[in-house]
Structures are given as structure tokens and as C-alpha cells.
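As they're listed, the protein sequences go chains A and B.
Going by the numbering used here, 191 is the number at position 191 of the first sequence; the sequence numbering is gapless.
Going by the numbering used here, 61 is the number at position 61 of the second sequence; the sequence numbering is gapless.
Because the hints were derived from the structure by calculation, they are not lab data.
Covered stretches of chain B (in silico footprint by chain A; criterion: 3 or more residues with CB under 8 angstroms from a CB of chain A, positions within the stretch not fixed):
#: 1; stretch: 5-13
#: 2; stretch: 17-25
#: 3; stretch: 101-109
Each pair of labels, with its calculated beta carbon distance range:
#: 4; chain 1: A; residue 1: ARG31; chain 2: B; residue 2: ARG25; range: 25 to 33 angstroms
#: 5; chain 1: A; residue 1: ALA2; chain 2: B; residue 2: ALA30; range: 49 to 57 angstroms
#: 6; chain 1: B; residue 1: VAL72; chain 2: A; residue 2: ALA271; range: 40 to 48 angstroms
From the three backbone atoms N, C-alpha and C, an ideal C-beta is built for every residue, glycine too.
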Amino acid sequence: MAAYAVAAGQAVLVAALAPWLLGWMRAVRARLEGRAGGRFGQPWRDLRKQLRKEPITPADAGVFFVAAPPVLMATSLLIAGAAPYVSTRGPLSGVADLVVVVGLLLLGTVALALAGLDTGTAFGGMGASREMTIAALVEPTLLLAVFALSTRVGSTDLAAIVAAGAADPARVISPVGALAAAALAVAVLAESGRLPVDNPSTHLELTMVHEAMVLEYAGRDLALVEWAAAMRLSILLGLLATLFLPWGVATSLHPAALAGATALFAVKVFALGGLLAAGEVFLAKVRLFRVPELLAGSFVLGLLAVLTASVLA
Amino acid sequence: MPVNDQLLSLACGLFLLCAVGVLWRRELTALIGLLTLQGAALAGIAVLLALDDPHPEALAVAVAVGVLKAGVLPWLLRRILARVPAARETAPLVNVAASLLAAAAMTLLAYAAARPLVDLAPAATARAAPVGLAVVLIGFFLAATRRRAVSQIVGLLLVDNGIAAVAFLATGGVPLVVELGVSADLLLAVLVLQVLTTRLQAAFGDTDLDDLRELRDR
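When you get a sec, could you build the whole thing from the sequences and use the hints?
Shown next, in the form of C-alpha cells:
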């Protein structure tokens, strides 16, 4: 029972944290660019405003368009609850392994891409096709990078990998860890639609990926999609943080350990987010046709990590 | 795992990563930077092996390798680049994404092909030897698919780095005489290629080796 409460708490934590994280990243970026920027809470205000408005469905839209926001939100909440962010003693241990998490992420991506196609507008289709191209290249990298870590633990269960890392820090700082971290970092950038793959703040039609797919949404549906997208960023950054900086993740269900782990998780995700935002100041979006190069590079890094894990170490 | 083995696998990982990075980047200056780093990693492997079995000759070889591969050769390449304005590999014969995937395949091939070699003496050094084979293959691939003279020289040097790494990892080092001979050979090859590149630039205004299509007798 306690395990289920922890999982629900994790989902609520990630859902509450995600808009703040977005606000924090925008603030860091604005400050580094010499702008005043908006307030931290601005993404939350936008969400509240959108949630009060009525959703409008285009006349030709079908079931995919209506279903995508709830599906995206549900998969994000499920991953946020199942992944070992705060505690490795989740209620779904043994089921919530790496393959399931990547599959759920992909389910959300596919739902949104189908919704983009469903309305029949040119932008939606363009965005969906780009998103699918990127997703097809990112998912193998995500899998490979975590496989590299799982070979030494002997399990694809994320909780087992994190628990082993927390028990033996030397395991994390190694050639395998470095290669897998580099591969996963690039994959996370692409999957969450950040620079240099997609520009999250653009509305220029030629460069959009995520924005092109959600162009037709309004009101409550738009709020759900944006909220879920923000949660995916937190989920992926959280995954990076817990896999490669596993210190402080609670391995028991003691309240004090859980409270400490929660605070530490927030700090780690916000630190990573700040780092990402600071890095983005120096980056430009790469051409869409150069994106496969970047992702092939990260795929090779992931493959080398697996090789190193099984042969060298 | 002892610290020495950990450092050795770190150096081997860096060595392989530099070769992959050379395929990834297009700027010729970045290529030379990566080659310098790879030379340093190779010297690191040599030093670690020499420390494992302290012997003045082995240390001398390690230092010589470091000076040549991380110092002299990159310096020569930078001099070539200073004379030739081509700063980027614009149109490789195989695009970058495909060559990265090819690099992954070649690495797997190297590990598969080196299985019998590793089984002979399953120590940490022998287990890392396929890294050298993979770098040989990647260097050969680079030399075969790039057009600029400088990237082809870099490919040649990758092949040599790979051979040296296999020699160090599989046999625990080469005699000083052999190493000196190989190094002198390599230095001469790069010097000759430097002259060739400069002549190419003077004759065609470019360093695209595809321009060399016919033989002339004058």
C-alpha cells in the first residue's frame, strides 16, 4: 500500500514540478541572454488560463485528435509514477522496466503524431512526419544506452539499476557510464524537443516539430498537451539524473529517506535543467537533414557503451 | 577491478571514441584535434603497460609514441592546413550518418574477428585489443570515403594508431628498434603527403584527390 502511495506521490511531484522546471529554464536562458524574462510561475499561469477555456475540435477531426491529449497525459503520469525517481521500491517493480518506459514514451509520441495527421492540415502532417523520423532514431539509442547499464546489473529493471548504482558509486563513474551518459543525453535532447533538434520557443513554420503537431489544439486540450510535454522533459531529465547520479534515491520506504530523496530529486532535475538551458544559449538549431547525423552519432556511442560493458569491463 | 585496469579501459574507450569522432566531425581542425587526443590516449595505453612491467625500453617507446603522435604529427598537419584553405570536408562519398553506422558495424566486426585472439590470453589487455582492430578498420574507411587530402592523411594515421594499439595490447609492447623504424616511416609518409598536398593545391586550387585522374609524362 505504501509503495502505491509513493508511486502516486511521484506522479504528483513530477506533474507539479514540470511547469516550474520550464519556467526555471526559461528564466536561466533569459538571464544569460541579458533579458529580464518572465516569472518562474508563468508556465503554471498559462496552464491555468488554458484549462479554464473550452476545447475546440476542428470539424474534420476524428477520434485520434480527441484521444491524443488524455493518452499523452496518461502515459506521462504512468512513467512518472513507475520510474524509480524517489524510491526504488515501487509497486510495479519487475514490470516497470526499461522496455516498458521507452514503450510508454513512444506511445505518447505516436498518439500526438496521429493527432497531427488527423486534422488533415499541412503543418500537422509535416510536424508528425518529422517527429516520427526523429523518434525512429531516438528510441534505439534510449534502449541501447540503458542496456549498457543493465548488462552489469543483470536486469533491465530501472529500479534494480538505480539501486545497484546507489550502492556502488564506482560502477557509475566508468567508461561505460560516460559513454552511456553521452548517448542518453543526446537522445533526451531529441526526445524532449530541445535545441539543437527542435526549438521549443519558435513558431516559425519551417522549423517546427512539436509546435506544428499541436497547432490545432485549443483550451483544455492544449493545456493537457503542453503540460504532458513539460512532464516528458522532467521525466527524461529525471531519468538521466537518477541513472547517472543515483545518490540519495531512497532504497527503503522510511518517511525521512523519502523526504530527503524527494528534495534531492528536485535539486538534481533543476540543476540539470539549468545546465541544459545554459548550454542552449550557445547552440543553434541544426538543419533537419543534419539531425540524423547527430542521432546516428549518439546511437554509435550507445552501441560502444554496450560493447564496452560486455567486453572491456 | 584494479585501478590500472580501469584506467586502461578508460584510455581504450577514449581511443575508440576519438576514431568515431573523426568520422562524425566535418571541420578539418576538429579532425586534427581529435587525432591529437587519440595520440595522447595511445601514449597513455603505452605508459600504463610500461608501468605494469617496469622496463626502461618500454617507457622510452611510450614517450616516443606520445611525442610523435600527440606532438609532431598534429603539428605537421596543422602546417598543411595553414597553407590549404579548405576548412571542411564538404562532400564525403558516404554521408556522415551512414559512415557512423558503418563504424558501429566495423567495431562489432572487429570484436567478432578478434574472439580467437582474445581467447589465447584472456587478460584485460588482450580483451581491449579489438579496439585497435576497430580503429584500423575505421581509419581505412575514412581514407577510402573522404575527398580532402588532409582527411585521407588522418585516415592513414588512424590506421597506424590502430596497428600500434593492437601491438601494445596484444603483445605488451614492441621493441624500441621496430618502433623507431615505424615512426620514422610514418613521419616520412606524412612529410611526403604534405608536399603532395601543397603541389595539389598549387596545380588545382583545391585538395580534392578526385582531381588526380590521369598520369602524365613530361
